[in-house]
Amino acid sequence: MPAPAVVVIATKGFSPFHLSVPCIIFGKILQDKHLFDLTICAEKTGVVDSDSGFSLNIKDGLAAVEHADIVVVPFWEHTDVKPGKALLGSLQKAAERGAEIVGLCLGTYVLAWTGLLDGRRAATHWENEQDFKTRFPNVCLDTNALYVQDGQFITSAGTAAGIDCCLHIVRKHYGSAIANRVARRMVMPPHREGGQAQFIERPVQQSTQDSRINMLMDYLRRNLGGRHDLDALARFVSMSRRTLTRQFMKATGMSLGDWLTAERLQRSQEILETTTYSIEKVAEESGFHSVTNFRQSFKSRFGVSPVEWRKTFSGSPEQF
5 MPAPAVVVIA TKGFSPFHLS VPCIIFGKIL QDKHLFDLTI CAEKTGVVDS DSGFSLNIKD
65 GLAAVEHADI VVVPFWEHTD VKPGKALLGS LQKAAERGAE IVGLCLGTYV LAWTGLLDGR
125 RAATHWENEQ DFKTRFPNVC LDTNALYVQD GQFITSAGTA AGIDCCLHIV RKHYGSAIAN
185 RVARRMVMPP HREGGQAQFI ERPVQQSTQD SRINMLMDYL RRNLGGRHDL DALARFVSMS
245 RRTLTRQFMK ATGMSLGDWL TAERLQRSQE ILETTTYSIE KVAEESGFHS VTNFRQSFKS
305 RFGVSPVEWR KTFSGSPEQF
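In my numbering, the protein residues as written are 5 to 324.
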């Protein structure tokens, strides 16, 4: 059986990293086994500039897509620029004949512009979540997944998630044993735990335009470990319970309880990354009165356990 033909599309202002990921994985990654036939093409043959000061001389145009089993769009420079008709048309025709269509990082935008993702699940970089949802309301964006396959369409989150996505494609075509060999060759885990949630920056609001709410937030940050009663907090800021609830939501966009949990989780992240405290001690120091509740809240918010977070972000070899 012939090796699947993979065509990677280089676009103007391409990111060298994003382009290199499918080229490495679908290239001659294993010396003793030919996995894929790789071609790099562009809308127009000739010189294509990267975003890093160097260029590629591309010999193949979009005609290469006509014979591809897998078409990869590894990047797209401008989220607010619709791709040209030639590129969109070539992807639509490839999809019609059953080719797998892959969008890595902002390459998902290109697939979305074709309309091929309407009614389907997809992934892209978390920073572009709101923009993507606004532009493509008919696409079901999975904001946590590292990559998503829906039928013949495969999309990934940003940067390193493209590696996870391409390894998934290798696994799909050749099984776990070969995918694991490719991952080892790249010094990569064959599968990463958790999703994008652990990488998304969600800073807790530091201040508002309401001085009394700011005073309350400062107080709560200094006393995260306390058992806070809503009535007592209302008296602290000279408000009724109902007014405090309404004003806090208006000022922060969150309920007081949700804000407090987010603040405690943020504190727990800092402790996990900078200390070797036990998980029980981390829970106590960050204001959780139940280690079970802490573990559940952490996993729900970030998609990984506190132990897994520590392994990823602190470099600590400690086991718990």
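Errors might be hidden in some of the hints.
[Stated by the list, open to error] Ranges of calculated distance between the beta carbons of each label pair, as one might list FRET restraints:
hint	residue 1	residue 2	range
1	S180	I28	18 to 28 Å
2	S215	K285	53 to 63 Å
3	D36	G123	35 to 45 Å
4	K63	M253	27 to 37 Å
5	L34	E288	43 to 53 Å
6	E284	K137	55 to 65 Å
7	R299	A67	11 to 21 Å
8	D36	T280	21 to 31 Å
9	E131	G261	20 to 30 Å
10	A164	A7	19 to 29 Å
11	Q156	M253	41 to 51 Å
12	A7	R299	37 to 47 Å
13	G123	L34	20 to 30 Å
14	S215	H293	21 to 31 Å
[Stated by the list, open to error] Using 30 Å as the maximum straight-line C-alpha spacing, the simulated DSBU-like pairs for lysine-lysine come out as follows:
hint	residue 1	residue 2
15	K86	K37
16	K86	K48
17	K63	K48
18	K63	K32
19	K32	K97
20	K303	K137
21	K176	K254
22	K63	K89
23	K176	K97
No lab work stands behind these hints: they were computed from the structure.
Keep in mind it's a predicted model, so treat the numbers as computed, not measured.
Think of the CB as a built atom: it goes at the ideal place given N, C-alpha and C, for glycine as much as any other residue.
Going through the hints against the structure:
The hinted range of 18 to 28 Å is satisfied by S180 and I28, whose Cβ atoms lie roughly 19 Å apart. Under the hint 53 to 63 Å, the C-beta atoms of S215 and K285, about 35 Å apart, miss the expected range. Distance hint check for D36 and G123: the Cβ-Cβ separation is about 42 Å, which falls inside the suggested range of 35 to 45 Å. Taken as a hint, the range 27 to 37 Å is violated for the pair K63 and M253, whose Cβ atoms sit roughly 59 Å apart.
Range check, L34 to E288: Cβ separation about 49 Å, and the 43 to 53 Å hint holds. Distance hint check: the CB atoms of E284 and K137 are about 39 Å apart, inconsistent with the given range 55 to 65 Å. In this structure, R299 and A67 break the distance hint of 11 to 21 Å, their C-beta atoms being roughly 54 Å apart. Checking the proposed 21 to 31 Å range against D36 and T280 shows it is violated: the Cβ atoms sit about 43 Å from each other.
Take E131 and G261: their Cβ atoms lie about 28 Å apart, and the range 20 to 30 Å holds. A beta carbon spacing of about 26 Å between A164 and A7 agrees with the range 19 to 29 Å that was offered as a hint. Hint check: Q156 to M253, Cβ distance near 44 Å, so the stated range 41 to 51 Å holds. Separation of A7 from R299 is about 45 Å and conforms to the stated range, judged on CB atoms against 37 to 47 Å.
Take G123 and L34: their Cβ atoms lie about 37 Å apart, and the range 20 to 30 Å is violated. Taking the beta carbon of each, S215 and H293 are about 30 Å apart, inside 21 to 31 Å as hinted. Under the criterion of a C-alpha separation no larger than 30 Å, the hint pairing K86 with K37 is inconsistent with the structure, at around 39 Å. Straight-line distance between C-alpha atoms of K86 and K48 comes to about 17 Å, which keeps the hinted pair within the 30 Å bound.
Of the supplied pair hints, the one linking K63 and K48 holds, its CA atoms being roughly 9 Å apart against a limit of 30 Å. Under the criterion of a C-alpha separation no larger than 30 Å, the hint pairing K63 with K32 is consistent with the structure, at around 19 Å. A threshold of 30 Å between alpha carbons decides the hint, and for K32 with K97 the separation of about 28 Å falls inside it, so the pair holds. For the proposed pair K303 and K137, the alpha carbon gap of about 25 Å is at most 30 Å, so the pair holds.
With a CA separation close to 48 Å, the supplied pair K176 and K254 exceeds the 30 Å bound. Distance hint between K63 and K89 is fulfilled; the C-alpha atoms sit about 20 Å from each other, no more than 30 Å. Taking the CA atoms of K176 and K97, the gap is near 23 Å; set against the 30 Å cutoff, the hint holds.
In summary, the numbered hints that this structure violates are 2, 4, 6, 7, 8, 13, 15, 21.
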